[in-house]
Structures are given as structure tokens and as C-alpha cells.
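Asker: Chain by chain, the residues run as shown.
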Amino acid sequence: MTALLRLYPRDWRERYGDEFLALLESKPPDLLDRVDIVRGAVDARLHPQERPAGEPEPPPPADGRVSDRGLGLAIAFGAALVVVAMVVAINGPMVVGEGGSYRDGGAAIPFLLGAALLLAVGLVRTATQLPSAAEGGRAAAVLAAVFAVWWSAMIWIFLLWIVASFGILALGVSAYRTGTWGRADATLVLGALGASWLIGAGALLGAFGASPDAYVVFFLLLTPMWLGLGHAVAKARSRTMRRQAVPVESGPR
Amino acid sequence: MADMPEFGRFAEPSLYILFSLSDGPKHGYAIMTDVETISGSPLGPGTLYGALARLESRGFIEALEPVDRRRPYRLTALGATTLRAQLEQMRGLAQTGLARLGESGR
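These protein sequences, in sequence, are chains A and B.
Counting from 1, position 169 in the first sequence corresponds to residue 169 in the working numbering; the numbering is continuous, with no gaps.
Heads up, the working numbering is the position in the second sequence plus 253, with the first residue counted as 1.
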């Protein structure tokens, strides 16, 4: 039960943790209760302002906008949208055309568009988190954001994704070199990108024939990119503050 | 709940919690069982504490000193006023609905 409690933010646990555990000891949670607790934990993380009057409040975001933690969670949710899109696509209706029968995955496009929009938000937020000197990284982020959203609406034009992915690569390198992203986040984002390139190159060279499975694998390999980007956005401010507190001469180790 | 803006999915559970506390302070488990009796539906622990946090942050309820790790909550004057307004509104709605049913002869 303490594992369930750890899903909540620390300040929430400090305020409600004891009585919450006492409640769970009085009534051990069943499966539905556990789902409800997870929903409650997500809510507590997304709405940290919902705390008792008189309790100390966390410092608001410096720019007055939505907190980076909430934004990071939303961006990471893009990975789930991609998975949903793939499930929808592989269960699409069979269509008989001139070139034979194929599965119509058009219903997946709205989910991919949602995921691409979240990706774009993450890229643009990262651009604003970069040091002022990283102009190239910022330009790459904007380019990647525009092309990623464009591609999600016209998924058959692979060139759009190639441009977007080079933009993400340039942004990732810039963010890592400036210490805005940690090694783990950069590895997740750029590793997912690299893996998708391998599959994409294989598909273009005909290594997978006409199998639609290659597309599903391509998209699933990309999902860690949303997770890494979301985590990087959520942590960038604290990384920047640490970096400013302890000057580092070179890039992150 | 008209007087509880931004409660979202916690609006209905919050009303039940205010209802439950209207006859005296209760701790989380007692509220949970009481709400199940009132509404006929179980109240999950995550929803209970999401609603409690909202009600407390807006001053509708207040926490008392814990007893054996169980912290009782009680209605504040603002919470009692809000609950009364909600119940009056529901009574008005019920009376109007019943009157209309009577007029239509159903």
C-alpha cells in the first residue's frame, strides 16, 4: 500500500499520507480502488494547487504558465496516443482496391495528430528552456515541431518526417550539450529516433516487403521519444538551476 | 454544484462529503462508508481524498487533530451555507419536476 502512496507528490503525502494509509488499512483496496487511487495520484500531481488553506504552497512557475511537471506529463501521454493509434490502425476495416486488399488505418490519424501536437509542444517548450546562445537548437525545435504536426496529418509523405527528425536530432544535441537535457532523456529521445530510422530505411529499401507490420514497429519504437521529451521538459528547470549554482565548464558528463 | 467551481469530477463526491459531515465530524473511513450508504455507490479512496483536499482548500471543511492516525473533518460555516444552498436548489428542482409530472397526469 505504501507503493500506491508513493504515486502521490511528496507534499501531498506529508499532509494526507498517514490518514490515507490508515484508511487503506481499515479497508484494503480492491482492483477498482487501486485504479481510483492511481487516478487520484494523477490528479494530485496535475493540480498541486488543491491543498488546504494555510498550508505552504509550492513556488508558482516563474513565467506564470502551466507548470513544467504537468506539461511533461501531458507530453509523455503522447506515447499512449501513439499506442492507441496503432491499435486502431491494425484493427481498421479491410478495403479492396485496385492493388489488392489492405487495412484502412485512417481512423488512427486523429490520435497521431494529438501525439504530434504534444510532441510539438514539448519541442517548443524545450526551445524556450535552452540558453539564449543556443539559437540553432531553437530554430531546429520550431522546424521539427512544424514538420512533425504536418506529417501527422499527411502520414504518407515520409519526407516530412525526415525533416522533422533531423530537427529533433539537432535540438537533442543542442539540449544535451548545453545541459538542458540529461543523458538518460537524450538517450531515450535520440535512441528512439535512431531505431525508427533503421526501420524506416529498411522499409524504403524493401526489406519488409509490403508488410504493414513495419509501420507499426516504426511507430512503437518512436514512443520512448515522448517519454524522454516529457521527462526532460519536467526536469529542465531544476537542471538549469543546478547548473547555475555550480558552474560547469564543459557539457554534462 | 453551482457554488463549487472547478470541482470537475469531484463535484458530486464533494456534495456527498458535505452531506455526510452535516451531522458531525467524521474521519476518512467513516465518510467513505457513510457516503456509500447515502448514495448507494462506493466512494474510492483516491476520489475521497481528491474531494477532501478541494473542500479543505476552499474552506468548506476543516481538519481536526488526528486520533490514532485518523484525522476527523468537520463542516465549516461556509461549508454548511454551501450545502444548504445546494439542498435548497435540489428541493426546488424536485418540487418543479413533481409539479410538472402532476400537471401532465403521469
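Think of the hints as simulated: they come from the structure by calculation, not from any bench.
One thing to keep in mind: the hints can contain errors.
[Claimed, not checked] For lysine to aspartate or glutamate, the following DMTMM-like pairs were computed, each having C-alpha atoms within a straight-line distance of at most 25 Å: (1) Lys279(B) with Asp33(A); (2) Lys27(A) with Glu341(B); (3) Lys279(B) with Glu318(B); (4) Lys27(A) with Glu289(B).
Quick caveat: nothing in here was measured; it's all calculated off a predicted structure.
Asker: Would you mind marking each hint as holding or not holding in the structure?
Answerer: For each hint, the structure was consulted:
no., hint, result
1, Lys279(B) with Asp33(A), "21 Å, holds"
2, Lys27(A) with Glu341(B), "34 Å, violated"
3, Lys279(B) with Glu318(B), "12 Å, holds"
4, Lys27(A) with Glu289(B), "13 Å, holds"
Violated hints amount to a single one, hint 2; each of the other numbered hints is respected by the structure.
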